[in-house]
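*Asks:* Residue numbers (the working numbering), protein chains in the order written: chain A, 1 to 692; chain B, 1 to 307.
Hint data in this document are derived by calculation from the structure and do not stem from the laboratory. Heads up, a few of these hints could be off.
[What the hints assert, rightly or not] Here are some of the chain B residues that sit facing chain A, going by a computed Cβ distance under 10 angstroms:
| hint | residue |
| --- | --- |
| 1 | Arg102 |
| 2 | Met104 |
| 3 | Asp105 |
| 4 | Ala198 |
| 5 | Glu201 |
| 6 | Asn205 |
| 7 | Asp236 |
| 8 | Val237 |
| 9 | Asp240 |
| 10 | Glu242 |
| 11 | Ser243 |
| 12 | Arg246 |
| 13 | Ile262 |
| 14 | Glu270 |
| 15 | Leu297 |
| 16 | Arg300 |
No residue lacks a Cβ here, since even glycine has one placed at the ideal position from N, Cα and C.
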Amino acid sequence: MSFGFLNPLIFAGLAILAVPILIHLVAKREARGRAFPSLMFLRNIPIKRTRRRTLRDPLLLILRALALTLLVLAFAGPYLLGDATPATETATTRQIVIAVDRSYSMRFDGRWERALARAGAEIDRLPANARAALVLFDDEPHTVTALTGDKLHLRQALAGAKAGHAGTDYARILAHVPRLFDASLGGKQAVLLISDLQLSGLQNDHTPRLAQPIEFALVNVAREQPGGTLLTNVRVLGSDAESARVNLVANLGVGGLDVDRTEQLRVRVDSHVAEVREISATELAAGAVALSVVPARDHVSQVELFVDGQTVAHSYRLTLAQVKPIKVMLLSSEDSAHSAIYLQQALVLATRPKIVVQRVASAALSDAALANADVVIIDDVAMQDSGSIARIEQFVNAGGGLLTIAGEHPRVGAPLLATPLVPGTLGAELAHGARLTEIRAHPALADLSAEQLRNAPVWRRRTLRVDDGDVVLARYGDGAAALVERRVGSGNTIVLNTGVSNQWSALALEPGFAPLTIALVRHLAKRQSGAGASAASVGETVDIVQQAALLGAESVLNHLAGGGGILIESPDGAIAKVTGPRPAFLPREAGFYRLHIPGAAAAPVPLAVNVGVRELQFETLSPTQFSERIARLQPGPPAADQPAQATDGTLRSTPWWYLLAIAAVLLLIEGFYAARLTPSGKSAREQELQAA
Amino acid sequence: MSTTPQYMHERQALRFVDPQVLARIDNLDLLARWVVDGFISGLHRTMHLGFSTDFAEHRAYTPGDDVRRLDWLVYARTDRLYVKTFEAETNADVVTVIDVSRSMDFASDGVTKLDYAKFLAASITHLGARQRDRVGMATFDDDLRGWIPPAARHRDTILRTLDNVSASAAGEIEVPLERLTSLLSRRSIVVLISDFYATPEDLGNSLGLLGAAGHDVIVVQILDPLELDFGLHGDDVLEDLESGERIALDPDTIRSQYLEQIHAHTRSLETLCSERRIDYACFNTAMPLDHALFSYLSQRARLARRR
């Protein structure tokens with residue numbers, strides 16, 4: 001049995017023990033003395049005056065001092081770590097799961113070493129008839145050994161354990177633990193959780209639960225929150241076209257507000273130190289550092305930012321590529337000149353990637369012009385030339401994007417409507433107007449909401465029947481489709497069921513118009529916002545196509561489109577192969593992963609993976625607080641969740657209650673006793689008799 | 001060493017009543033009857049030893065004797081003046097004198113000395129009345145406060161008065177007893193009940209005054225157990241009940257000296273009484289009242305036989 005205190009500093013409060021002693025020493029009797037019939041004889045005696053510095057009523061002093069001591073002890077938060085643990089019981093067979101936290105936060109402040117030492121000690125203390133299983137966990141459990149009584153095996157397994165980079169999820173490990181027990185073995189079942197009790201590990205979507213019969217013990221290896229600064233995130237603000245510099249903002253966490261500390265920020269680009277600078281007090285206070293880097297022109301750069309703190313050495317990685325602008329060909333006519341201006345003005349606002357708009361008359365459409373475009377916008381133009389329509393169809397089939405603004409044109413029966421280029425089936429013009437009220441959750445429109453466009457009246461629109469396979473991106477208030485998408489060949493087409501000009505709608509006058517247009521163009525061009533920079537997190541699935549698109553890694557995209565597989569090299573050198581049209585992988589380690597195209601001579605595409613932001617919140621809980629957040633489930637029929645309670649051989653988080661109760665009882669006794677010692681020094685009985 | 005068999009001690013112990021029990025009896029009449037009739041009834045004969053009516057003799061006339069008591073037949077035969085003393089002694093005046101000074105209003109645990117004195121006075125009054133003595137009572141502190149002249153029918157008056165007696169002033173013995181002596185027109189049995197916090201000189205003068213007046217004085221000193229053993233511990237401030245004077249002291253260091261002083265005082269009082277042929281008894285308020293009376297009356301009887 002071992003024990004400790006959650007708040008040992010409270011022991012300074014023991015100094016208040018001096019108070020009752022001083023009271024006993026200094027306080028004098030009340031001025032009124034003890035009645036005595038006559039002092040006739042005492043007057044004749046040479047009286048030795050009172051011993052003023054002697055302790056009166058030592059029992060009272062002891063009671064007061066003891067009560068205060070117990071109060072201080074209670075507030076110091078004593079806890080008992082089970083004998084421990086379940087392991088010391090020898091009478092019956094016990095099954096013990098030793099769960100060791102190996103999340104990223106365990107790397108700091110010697111937590112991992114303490115966890116290993118404690119787990120090793122528990123293994124050594126296993127009685128002969130006990131069986132133990134070793135599980136490492138972060139955001140998911142990893143069973144290292146099943147139940148075994150072989151201590152050597154357990155020791156060896158423990159020796160091979162390493163701290164990881166993933167987050168913490170206590171709910172998952174507690175859900176996993178019951179599966180490790182063997183019901184046929186009988187005996188008591190217990191779990192010993194060795195962790196830093198990180199708060200963020202409890203802030204997942206599901207509540208940690210543990211079946212009631214399973215004993216629950218905690219070992220807290222966190223001493224205190226590590227000082228130092230953590231880089232929680234790096235955002236790309238934009239780039240300077242001329243110098244090719246990319247502006248970044250690094251967000252600082254944890255110790256970022258400790259302005260007394262001096263820490264250095266180092267920036268490495270492709271293994272070369274690009275910048276070393278001290279983080280200023282202002283930046284620490286603001287929790288953000290602005291900097292800029294120049295990525296390589298011919299490949300994706302690996303950018304790594306380091307903070308060397310006093311106790312924490314932490315880094316953040318991202319990949320940067322020179323961003324190519326999206327080229328948009330805007331087909332317009334004399335009639336749609338106004339709306340074309342709206343569209344042009346909206347699109348030029350885009351950054352990362354920028355959108356370059358080339359306005360072309362429909363009659364001047366050529367293959368050469370199309371070859372240089374990523375997206376074509378048909379802005380209310382009557383496309384009568386079948387050759388132009390065929391070129392556009394070919395362009396879309398090859399992977400291009402097409403946005404059709406359906407105002408006056410194309411009218412019913414127009415040649416363009418005979419092709420699959422316009423999603424849905426456009427019909428006659430509707431007499432009544434509407435407002436855009438619903439924008440579907442779609443990657444292309446993720447940053448938009450209907451609120452941004454709701455105030456824009458749409459006076460004119462047409463019937464639009466949605467065909468099979470078409471996707472409605474937005475609807476009007478009456479439920480009619482406003483934006484419909486269709487996949488055509490390798491490309492996408494979208495139709496907007498109204499015009500942009502002021503004869504059709506006021507959309508162009510709304511604040512949401514530019515974001516909507518830019519988002520649609522990016523989606524059609526298969527380019528993500530902030531393209532050119534990428535950083536994923538440990539424990540979160542990485543969409544390789546999405547990441548490759550962000551980095552402009554066309555070779556990877558083309559290889560995947562061709563049905564080929566990609567080799568993923570993890571930071572520790574392991575190779576895994578992914579295939580399929582939309583391959584993904586789950587990174588378990590922070591660092592740079594590399595995407596290799598098998599057999600190709602091209603340089604691998606790096607993917608930056610960082611520790612999850614939640615895991616970087618190092619705030620920890622006390623064992624008591626932690627236990628209270630664990631729901632204990634009664635066996636049998638479902639019962640209301642109950643907070644975890646320590647059982648025999650487990651963490652006892654309640655000693656302070658006992659101490660408080662004993663202190664209260666002592667104070668009551670002290671009160672009664674003190675009441676008997678009346679101010680005049682007479683016993684209560686004397687006073688009663690006198691009163692009588 | 002007592003020759004009383006052990007079983008007698010046990011029987012007596014069982015019969016005697018705790019003063020605290022008596023303190024719960026509001027009616028002094030009832031209390032006196034209870035103590036005297038219920039617990040000392042077995043001593044009836046013994047009591048007569050003290051206030052005897054059996055013996056009778058002629059005593060030579062001395063100036064001051066009531067001439068009505070002269071036995072003229074004896075004078076006729078012998079030509080000498082004799083008085084029939086038996087008549088006078090069997091109908092004696094019994095005057096109980098109680099000290100009601102504030103020092104009497106003290107109890108460390110149990111009844112106060114004043115209450116104990118009241119119980120005692122009530123019992124003696126009842127005892128006297130039952131023997132057809134004339135009973136009277138006086139109370140005093142620094143002066144004579146109450147006076148009920150001896151009379152055969154004053155028993156109830158005395159008991160009622162006792163009920164209302166309370167301590168209010170500081171004590172003094174010489175002046176009140178001087179006044180009492182002047183009030184007593186006949187020789188009486190004077191039972192003086194007090195804690196006797198006075199100098200031996202004052203006490204000697206006062207008792208001498210009563211003795212000189214021909215009174216049969218019985219001195220009953222009543223003390224609290226705390227006064228006798230000084231069982232205080234730890235630093236304390238003692239306050240004189242009468243003067244209000246306070247003394248801070250450590251009782252443990254002066255206990256022996258205090259005990260020496262109070263024992264010397266009681267010894268001197270006893271000696272003083274002995275010299276003046278005065279009966280002296282010291283009662284501890286922790287003693288059962290009937291036991292105290294029993295002991296005293298037994299002792300008085302033995303002394304009377306010896307005399």
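*Asks:* Please flag the earlier hints that this structure goes against, numbers listed from lowest up.
*Replies:* 5, 6, 14, 15, 16
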